[in-house]
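Number of protein chains: 2
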Amino acid sequence: MRDPRIDEYARLLVDRSVGVQRGWQVQVRATPLARPLVEAVIEQIARCGAYPLLQMSFELIGGPFAREAPLDVLRTPAPLQRRIWEEADAFIAIWAPENSREGSDLSEERKAALQQATAPMRERTMSMSAPWVIAEYPVLAGAQDAGMTLTEYEQFIFDSVLLDWDAQGERMRKIADVFDDGDEIRIVGTGTDLTVSLAGRRGAVDDGHVNMPGGEVFYSPVEDSAEGVVEFSEFPAVYYGREVVGARFEFEAGRIVDASAQAGQEFLRKTLDTDEGARRLGELGIGCNPGIQRYMKNVAFDEKIDGTVHLAVGNSYTFTGGKNISSIHWDIVKDLRTNGALYVDGRLVQQNGDWRI
Amino acid sequence: MRDPRIDEYARLLVDRSVGVQRGWQVQVRATPLARPLVEAVIEQIARCGAYPLLQMSFELIGGPFAREAPLDVLRTPAPLQRRIWEEADAFIAIWAPENSREGSDLSEERKAALQQATAPMRERTMSMSAPWVIAEYPVLAGAQDAGMTLTEYEQFIFDSVLLDWDAQGERMRKIADVFDDGDEIRIVGTGTDLTVSLAGRRGAVDDGHVNMPGGEVFYSPVEDSAEGVVEFSEFPAVYYGREVVGARFEFEAGRIVDASAQAGQEFLRKTLDTDEGARRLGELGIGCNPGIQRYMKNVAFDEKIDGTVHLAVGNSYTFTGGKNISSIHWDIVKDLRTNGALYVDGRLVQQNGDWRI
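Protein chains in written order, with this note's numbering: chain A, 294 to 650; chain B, 294 to 650.
Be a bit skeptical, because a hint or two may be false.
Heads up, the list lumps identical chains together, so a pair's fine if it works in one copy or across two of them.
SDA-like, lysine to any residue: derived pairs with alpha carbons at most 25 Å apart [to be verified]: (1) Lys590 x Val538; (2) Lys404 x Gln348; (3) Lys404 x Gln318; (4) Lys404 x Gly342.
By construction, these hints were calculated from the structure, which means they are not laboratory data.
Take the sequences, apply the hints, and build the full model.
And the structure:
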């Protein structure tokens, strides 16, 4: 018999996250490592009278085709693959890598070609023209990065995923209402005093739809509004496997005018120089998942730690009103559980990670 | 580094069996157990500037969708899957089951529904409107059925697959020429004296295209011609996991008028009563693979043992001129290496498995 938590997870993905309907064709992407969840998801889709289109590969990024195909072939998706992206009714991606460093052997040219090939899929999902979800599955590679045994990591994943998402949604909606109604947000913490404007912007509540685990309220801040200083002294900022320790940004009129770090400063500055939009904020997110308490070096979890906020430099989501354009989107988490405070239009709404609303 | 025999196998499948061309979309079906060959095949397809469409599943027959989907859904393929079958330029199926008994838990109703759903694929491949190959990969389940260790079984597979197929093709063509030119074939062996007519029929040579291992010359005998007795005393006849020991058929005017067996007689007779065509011959095949010497309880190999013939009761291939229609096609192998002889129009062409041509 299968671990009943796997069946609960599968029902959550199929019924809530994408809401599979009879007759739908649902692309299911995974690695073979996620077998129990893949089988449970397929069962659940079958019970809905819908079709799973299972696309398993050993590597989620990279692999023999990415290494060997001529660049012009790599850049253009196979027509039949493109059609799946264009016509599938929903997308479930189960994240279960064998090695979190996979794909790191690809040249920049090949990475760019792959990005270009998969653009039709991103267009479909980012525009929300089909329901989709990316779901974390507990594998050894993830446990290792998190500094846990697999058993601990499994417990962690299930604790952060198997929540009453209606109740979590209500709780997050209340938080979003406070920020929706406010204009100026002030973030205070260790080495940090930053204000950003959310005037005219509305938040999105991640209540178990596009991400599993979900659990954040997120905004696109007004692009020229950030003023002050933020210091990410609690956790390293991680981007494409590179770590930056003690990153510190000074903002003027929305733009980072000074960036420094205790380690990885050169990589940090180079990344901020990627393009014009890379020095502006693309996101302010508020972590709200009560099952996530520990930093894991995996931004999909870390940005949801209850009592943290995260700022992304770079591209913003248009569906939350964002206008910043960049080829990067780097989420960096700021812990407010010690010496932290959040103000909305001057009113204290969170102190040391505890809500006052 | 990968076993170099795997790379040789992959080149054989991609270059010879289906002849991949630049820009092609090639469906690759496999289980994760075949990983080394799957990766080598994808590499080889990529090097041709073509696209692999990898469709891996844990089970080749059955699985959670087959068990759980409503019958009407199971019966109708997903439109996107159907398009892959209709539009892919070539098909490579790598046979690597976890368990050779998989799918045996499905009801007859579900098996029939699956057959119906996959009919568009069979129409495409059986009409030869796209190149395809089914390739055996050495897995534990196969080794176990063959009574070998995995290491022995790997050696066996590579010995039967990594042949000079041009040379094998020439050798088989010479054999086919003798039978093409002849009318009456007489098969003599232990408990056996059977004549069949191949008048007007031409043989097909399996020289490393649709099957890997290949190695047979096969015909559709004239449907009302078989006269005499055949006794399959050397090897059991195996069909869908059921074994019949010592099967014996008496033919009159092409039809089996008496069928008996030392074990499994009831199953044998029931199967022959499936439909009208089930009591007539759908195939006469001549095993020609010099790498296959041992009976393996796997008809994909056994029918190619050098020095054997096989008779199939049931449906015949139209591309070899066959007209017999049945929902069964049961290949049964007769060993001629002891007390055996083959005659074409009265001329001895093979004795005790050795060719005299």
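Hints and how they fare:
no.	hint	in the structure
1	Lys590 x Val538	within (12 Å within a copy, 62 Å between copies)
2	Lys404 x Gln348	both (20 Å within a copy, 23 Å between copies)
3	Lys404 x Gln318	between (29 Å within a copy, 22 Å between copies)
4	Lys404 x Gly342	between (38 Å within a copy, 18 Å between copies)
Hint check: no violations occur; every hint is consistent with the structure.
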